[in-house]
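Protein chains in written order, with the working numbering: chain A, 1342 to 1599; chain B, 1342 to 1599; chain C, 1342 to 1599; chain D, 1342 to 1599.
You may find that some hints are simply not true.
One copy or two, either will do: identical chains are not told apart, so a pair holds if it fits within one copy or between any two.
List of simulated lysine-lysine pairs, DSS-like, C-alpha gap at most 25 Å [said to hold, decoys possible]:
#1 Lys-1448 to Lys-1351
#2 Lys-1449 to Lys-1569
#3 Lys-1448 to Lys-1380
#4 Lys-1538 to Lys-1569
#5 Lys-1448 to Lys-1538
#6 Lys-1380 to Lys-1351
#7 Lys-1351 to Lys-1538
#8 Lys-1569 to Lys-1543
#9 Lys-1351 to Lys-1569
#10 Lys-1351 to Lys-1543
#11 Lys-1543 to Lys-1380
#12 Lys-1538 to Lys-1449
#13 Lys-1380 to Lys-1538
#14 Lys-1380 to Lys-1569
These aren't lab readings, by the way, just hints derived from the structure by calculation.
Protein chains: 4
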Amino acid sequence: MALPDTQSEKDRRGLALSRVGVTALRWPVTVATATQAPKPSVGTWSLAVELPAEERGTHMSRFIEALQAWAQPISGEAITALAGDLRQRLYSQRAYAQVRFTYFRLKKAPVSGREGYIDYEVTYTYDDRVTDHPLSVRVVVPVATLCPCSKSISERGAHNQRGHVTVEVRGQSLPSLDELITLTEAGGSAELFSALKREDEKAVTEQAYDNPAFVEDVVRQVSLALEKLPGLSFYVVEAENFESIHNHNAFARRERTF
Amino acid sequence: MALPDTQSEKDRRGLALSRVGVTALRWPVTVATATQAPKPSVGTWSLAVELPAEERGTHMSRFIEALQAWAQPISGEAITALAGDLRQRLYSQRAYAQVRFTYFRLKKAPVSGREGYIDYEVTYTYDDRVTDHPLSVRVVVPVATLCPCSKSISERGAHNQRGHVTVEVRGQSLPSLDELITLTEAGGSAELFSALKREDEKAVTEQAYDNPAFVEDVVRQVSLALEKLPGLSFYVVEAENFESIHNHNAFARRERTF
Amino acid sequence: MALPDTQSEKDRRGLALSRVGVTALRWPVTVATATQAPKPSVGTWSLAVELPAEERGTHMSRFIEALQAWAQPISGEAITALAGDLRQRLYSQRAYAQVRFTYFRLKKAPVSGREGYIDYEVTYTYDDRVTDHPLSVRVVVPVATLCPCSKSISERGAHNQRGHVTVEVRGQSLPSLDELITLTEAGGSAELFSALKREDEKAVTEQAYDNPAFVEDVVRQVSLALEKLPGLSFYVVEAENFESIHNHNAFARRERTF
Amino acid sequence: MALPDTQSEKDRRGLALSRVGVTALRWPVTVATATQAPKPSVGTWSLAVELPAEERGTHMSRFIEALQAWAQPISGEAITALAGDLRQRLYSQRAYAQVRFTYFRLKKAPVSGREGYIDYEVTYTYDDRVTDHPLSVRVVVPVATLCPCSKSISERGAHNQRGHVTVEVRGQSLPSLDELITLTEAGGSAELFSALKREDEKAVTEQAYDNPAFVEDVVRQVSLALEKLPGLSFYVVEAENFESIHNHNAFARRERTF
């Protein structure tokens, strides 16, 4: 006995939908790297397709089937392939696939060489509705920033804090995750580390003091590095400082479409 | 003795910034209403201006001064005025002002008439960089949705759940917050209430069962209501269901620029 | 025709429940102060009672009715009265009432005297199951901390950051919210402000540099102040630093039951 | 040239601290399972030790070194061993180690047998200050619940929703993660799945309708299953329903120390 297929009914309201699908879907993933084995992580997915005006609904279980069948290390190519599979399985002209995950890098402390992980939140988005290029990569990079104003006006010390630099790029040719993180970390007053011995803490403290940067400076430094990359069609850089002297944050933003 | 003004230094990197300012700033607010006294709430603000390429930084304390001097009930007009003040105080061509807050409505249960509050997350955004109209209002409206597929295939019952419908509008003439919430609540299978006696719970349960709606249906119903409003230059509707049978959410989205 | 009352059925599983009720309930509130008019805010409530082994369920709508009928400025006395009302309305031996809200204080910058708000997350909890005293007040106070180690080992500068100091007290006689916040703010390297002109920023930067404090120091300083209060039966102090040189936090904790 | 060791200074305030350490530390982990290879995940750690009254501070970098040296699949034994290492490296009488992570299970849909992942938030905590047993395991299990009252009073349908059941156990002998999840999932009206075809959705809808459960019922059903486990010294069960007819949640809680 066939069960009714409510989703396949005709819709007469005449309104197309840009996205229908699933979101907040958590799934184990691995992440492709340029030089190492794929790194495991926990993915949070949104998967969707465009729905024409005359169709009442989409078939949500097919998104899960597509993800289950896909099972590849995350990369731009792999996400693009997943979007292609969604178009086919759901008979749609346009697909949307987004995954967020934590990416780890093992970093060495600057003097002692002690190793420890730093975590970065990464988002890959494929969206057929974006006109310049459908694939984007976004990464949130934590840095230390030291305030140039505070340094210049104070007889001793300078306020500093953790900040988040968010970079998103689209284009024909994208940097690797590690390249993107490395160029972004260079835009703050100092990089962050998890394992710092006293000699390292001294080095990082002095480096930050010698290299003050407003959020405006951070955004411009990272933007300068992105401007040199070939193949981008779009970038946005945003810096947000968890100011140590305020209970609010300072932020700056620049975006460019080529 | 004058303190150095680091922010006012010339910048030679040649990169303009679209926004520099403060964010995650919490501040007591009141919200203007059409027919009642202004309602108090807790605001979370982002305030920013555009920064020309040749200026190193903005003067962050002026955003706080502008907010402190402003002190008006929140409305489209008032946010627009605040943005104008930011342009003046910070000598900038373009300003950005966003505030999020919880808005309450006292609702009566459908049978017993018992009263209780329902909360809605509201965001006003003024952005000189948006080309169709700088002011937008967004509201997140919680509703109940009952799955048409589950109802049609099951001999008894139907899965249902809480969902969030997010509506954002821009244009020359915007509906009041209460109008926007009322038309959005009508798009689900049933409205939510905080105080429900047994006779109310029976009524709401049966209403939801008699009025099944996919996320696709919710977005289309709310979009139909928005299409009838005069004066909009843009709307987006997004419905997200916290599916009772899954640990992920279903969602649908439609946007239109006039 | 009477509707069945499923909650009032007998339960034969023999298991009493310590709390049954409602949570994540948002409601407009006002907060009593010692010297000013009550301050409005947005409350998030949990309300519950103990359920004996032989009763199947509680009547959830009565919690909403109790809150709607209560309508008082939040204070220790008022929360205690609400808990008493819950015991009566729900025929229970023990009640639980908790409310969280944002509390604002208007602060003057240390040199310029400019005014701006700082926000504090406050929680009042009344719990008949707590044996030393049923009422507690908790507040999260943001402060600046400057690292004594970084200062002592570095030739210039010292890392500093925003931190949260969480204080919770119970007892016969509790300090006012403002007293509790004031003594807690004194435990960091410097207080936070929203509006700081350059002369203020210089003062705060130098004060923090002159007053370095580990999370351990912060917890001990605040604990010393709490030890001097009469009438406490319990306190806990926790400090958490959003370290500017790490992407993790440092924390310390002390609690004492008298 | 030796750098000063500020942390090792004597403290004269006479106040011992129950915990000093690091928190919100993210680190790649694997999770031991009874029958499969260790499963990778992303861990969020808190690591701490007790600090005697006479010591000013702890040496935070040693927590990172301990975690880096540890590198084992997460299990009760492994967390206990890590805590032992912290006591040694930091010369402390008592240690604290907590890790939270997402754990995945591949589940088969009840009729079609389609496979998909469901995610569970798990926390292991080792705390030398807990008197009955230092090690606890906590898991948050999402389920569907259907309201017995709504079913009994309504002529058709019944409101249902996703809920979270949180279970925490301590004792000499703890169930495996999979055993704990399985017994908890049995306490709701129906389990959740990620991949459901129409025949599965029908089965789950009808199962939930046939098996209504208040939050009180869920807590009692799960508690009955825990009461049968040998070797527990403590358990707590909490159920929270994201009510489909309200914008607040219903919850119930039971705890027992043996």
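Comparing the hints with the structure gives:
{"no.": "1", "hint": "Lys-1448 to Lys-1351", "verdict": "neither (56 Å within a copy, 33 Å between copies)"}
{"no.": "2", "hint": "Lys-1449 to Lys-1569", "verdict": "neither (27 Å within a copy, 46 Å between copies)"}
{"no.": "3", "hint": "Lys-1448 to Lys-1380", "verdict": "both (15 Å within a copy, 24 Å between copies)"}
{"no.": "4", "hint": "Lys-1538 to Lys-1569", "verdict": "neither (35 Å within a copy, 37 Å between copies)"}
{"no.": "5", "hint": "Lys-1448 to Lys-1538", "verdict": "within (14 Å within a copy, 38 Å between copies)"}
{"no.": "6", "hint": "Lys-1380 to Lys-1351", "verdict": "neither (44 Å within a copy, 44 Å between copies)"}
{"no.": "7", "hint": "Lys-1351 to Lys-1538", "verdict": "between (67 Å within a copy, 21 Å between copies)"}
{"no.": "8", "hint": "Lys-1569 to Lys-1543", "verdict": "neither (33 Å within a copy, 37 Å between copies)"}
{"no.": "9", "hint": "Lys-1351 to Lys-1569", "verdict": "between (51 Å within a copy, 23 Å between copies)"}
{"no.": "10", "hint": "Lys-1351 to Lys-1543", "verdict": "between (68 Å within a copy, 22 Å between copies)"}
{"no.": "11", "hint": "Lys-1543 to Lys-1380", "verdict": "neither (32 Å within a copy, 38 Å between copies)"}
{"no.": "12", "hint": "Lys-1538 to Lys-1449", "verdict": "within (11 Å within a copy, 39 Å between copies)"}
{"no.": "13", "hint": "Lys-1380 to Lys-1538", "verdict": "neither (27 Å within a copy, 32 Å between copies)"}
{"no.": "14", "hint": "Lys-1380 to Lys-1569", "verdict": "neither (28 Å within a copy, 40 Å between copies)"}
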